[in-house]
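Peer 1: So you can see what is in the structure, the chains are spelled out below.
Number of protein chains: 2
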Amino acid sequence: MKHSLCAAVLAIFFPAAAQADALLNQARQIFQPLPAVMASPDNPVTPAKVALGHALFFDPRISLDGTVSCARCHQPALYGTDGLAKSIGVKDRLNPRNAPTVFNAALEFAAHWRGDRKNVEDQATQALVGPPSFGEPGYEAAMAKLKSIPGYKEMFAQAFPGVSNPVTPQNWGLAIGAYERTLVTPAPFDAYLKGDTKALNPRAKAGLQKFISYGCIACHNGVDVGGGSFQKFGVLEDYWKATGSREIDKGRFDVTHNPADLYVFKVPSLRNVAMTPPYFHDGSVATLPQAVRIMAKVQLGRTLTDTEVSDIVAFLDSLTGKLPKNFMASPVLPPAPFTPAKP
Amino acid sequence: MKHSLCAAVLAIFFPAAAQADALLNQARQIFQPLPAVMASPDNPVTPAKVALGHALFFDPRISLDGTVSCARCHQPALYGTDGLAKSIGVKDRLNPRNAPTVFNAALEFAAHWRGDRKNVEDQATQALVGPPSFGEPGYEAAMAKLKSIPGYKEMFAQAFPGVSNPVTPQNWGLAIGAYERTLVTPAPFDAYLKGDTKALNPRAKAGLQKFISYGCIACHNGVDVGGGSFQKFGVLEDYWKATGSREIDKGRFDVTHNPADLYVFKVPSLRNVAMTPPYFHDGSVATLPQAVRIMAKVQLGRTLTDTEVSDIVAFLDSLTGKLPKNFMASPVLPPAPFTPAKP
Chain A
454 MKHSLCAAVL AIFFPAAAQA DALLNQARQI FQPLPAVMAS PDNPVTPAKV ALGHALFFDP
514 RISLDGTVSC ARCHQPALYG TDGLAKSIGV KDRLNPRNAP TVFNAALEFA AHWRGDRKNV
574 EDQATQALVG PPSFGEPGYE AAMAKLKSIP GYKEMFAQAF PGVSNPVTPQ NWGLAIGAYE
634 RTLVTPAPFD AYLKGDTKAL NPRAKAGLQK FISYGCIACH NGVDVGGGSF QKFGVLEDYW
694 KATGSREIDK GRFDVTHNPA DLYVFKVPSL RNVAMTPPYF HDGSVATLPQ AVRIMAKVQL
754 GRTLTDTEVS DIVAFLDSLT GKLPKNFMAS PVLPPAPFTP AKP
Chain B
454 MKHSLCAAVL AIFFPAAAQA DALLNQARQI FQPLPAVMAS PDNPVTPAKV ALGHALFFDP
514 RISLDGTVSC ARCHQPALYG TDGLAKSIGV KDRLNPRNAP TVFNAALEFA AHWRGDRKNV
574 EDQATQALVG PPSFGEPGYE AAMAKLKSIP GYKEMFAQAF PGVSNPVTPQ NWGLAIGAYE
634 RTLVTPAPFD AYLKGDTKAL NPRAKAGLQK FISYGCIACH NGVDVGGGSF QKFGVLEDYW
694 KATGSREIDK GRFDVTHNPA DLYVFKVPSL RNVAMTPPYF HDGSVATLPQ AVRIMAKVQL
754 GRTLTDTEVS DIVAFLDSLT GKLPKNFMAS PVLPPAPFTP AKP
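Note that the protein sequences, when read in sequence, are chains A and B. Following the numbering used here, the numbering of the first sequence begins with 454 at its first residue and continues without gaps. Following the numbering used here, the numbering of the second sequence begins with 454 at its first residue and continues without gaps.
Here chain A stands alone, though its shape is the one from the complex (with noise of 0.2 Å):
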């Protein structure tokens, strides 16, 4: 009598399917489904907060020509991406990389291709003086235009009660922080991990179980499936002659000009990767079959057959997750009566 209580117990909570699939225990001790919040002890995620970076997010007024807004390289209609193969940012000014998606990057263990931004805030912080990105030629322009808005006033004074001056670059950095922590993108193959075996589809688990046992997990796991290490692009041959990347980019070296980090980037998550085209760190690759076959072979030094190469994207595909609301929605900035400046 005790014995079926508890079996029923455990079939309700864990349906049979999941105790009995193998390809998911496996799964589960390399990867992790996505929190609600991307917490960060250091940047408690308030309404507040979040309210006041969804909308700085969105205001490309603070910009040294005006056009350039987090949301001008993170597109909601692009799933957080320019879909270009660089950024392009204020005065034409090419950026060195691709923009990545900013769904789940608050995950990553570190910001931008070659981890030199600590993570979300500081990258958000940065962008403001980025000659290529928001081009301010200083934070105290860049306050200066916030202060200009008055709507700003009050919405910096509730997202940092009690603090003297809250227009900072830090704060903005730790506002637009708390939204992008809201920006998370549950998708079916969440719901695999958390027991719902048929969320995966056939083609998907062969994908799946081929990531595994091919040594892809290698590099591509935890909770972002990626964006938790540093690796070297091209361990077996030279990236650029399988990728024709225009340029050769020495990756992390160029930040420690240690001779180890030659050719070494954040290995990007790969959630959503379906569909933010193009890949790579220089988005000279513009299809995700392309993308998996180039990693197989210069990672690996495994060359994919097609039918490998469709299950995996079948499985990448089983990461595209559902928008989120407050990315989607966009925010009404408060109206300013200055004119930015002229070109």
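These aren't lab readings, by the way, just hints derived from the structure by calculation. This structure is a prediction, so every number in the text was calculated from the model and none was measured. A portion of the hints provided could be inaccurate.
Put simply, identical chains are the same to the list, so a pair is met inside one copy or across any two.
Cross-link-like lysine to any residue pairs, in silico, SDA-like; alpha carbons within 20 Å at most [claimed, not checked]:
1. K544 - D518
2. K775 - V785
3. K600 - T740
4. K544 - P584
5. K775 - P788
6. K685 - Y716
7. K600 - A739
8. K778 - A504
9. K606 - T740
10. K544 - P585
11. K544 - G583
12. K775 - P787
13. K775 - G604
14. K685 - R570
15. K651 - N478
16. K685 - T760
17. K703 - G668
18. K694 - Y716
19. K750 - T760
20. K651 - G774
21. K703 - G591
Please arrange chain B on chain A, whose structure you already have, making use of the hints.
Peer 2: Structure of chain B alone, referenced to chain A:
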């Protein structure tokens, strides 16, 4: 008995306040409330056309450098404008004039400040090859990009059923135009015109009274409170002396070469004007009170007092409408296996 019943019925359908309101009666002879959809016999608004137009409106991938969508200059966060004096398009190219809001724009008798676009459909089509807009060298290049995005094939087929090759510049314009014809922003002033006399506060009513009696309504009338005629900017004195414009724009003269068209522009709609700074064809004026003062001076020869200005601004505030849901919510674009041209 019969009389009192009649009075009761009247009281239900026509509130007493409305019947007694002379200002309302006067306003109703000059203005009309917004329709639910800005229908056109030339471009029936169908759900499939609107869905396609919504996607196309937000897609930057069709432009020369992949950075310009309709939404770049008509942003949801900024009430369908870009907040700039003059828009900046592909390759950092400056547009000759200020981008007006796309809201209610389909009601205007012509498009563009000089009226050299027939309607919103024509404007959308011509923008594709406008050098400072989408900047495509020709329609063929733009259509090739559209056709390279597989997801659009079905959407065009559904929007234009029975057409063998629906991906054409004209259908691009018709789809975006149909979408724009849904972007109406009913405002407190519309509620007022429909009989809710409490929809305007006393200051707004005082402003409306002045707006009528001072003659602003000579040009700013009808359903769009403007957008119905061409008029000279600077009837009584040169506009550029009052606005501080950096360049003298000859307006429609440069289109028609008719001396009568010197400094003639399309009268803009004043709907949502409080939310769409900066002002005038060249965005030369930063605040609404300043714009009101200048218009009274150069068009009507009247120097307004501070109270008169703030009353009129209170009336203009009542033209700020409810934001259209299908503009504030981003579409999700079909992903594309192509890399836009590198700059």
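Peer 1: Looking back at the numbered hints, which does the structure fail to meet, lowest number first?
Peer 2: As far as the earlier hints go, 16, 17, 21 are violated by this structure, in ascending order.
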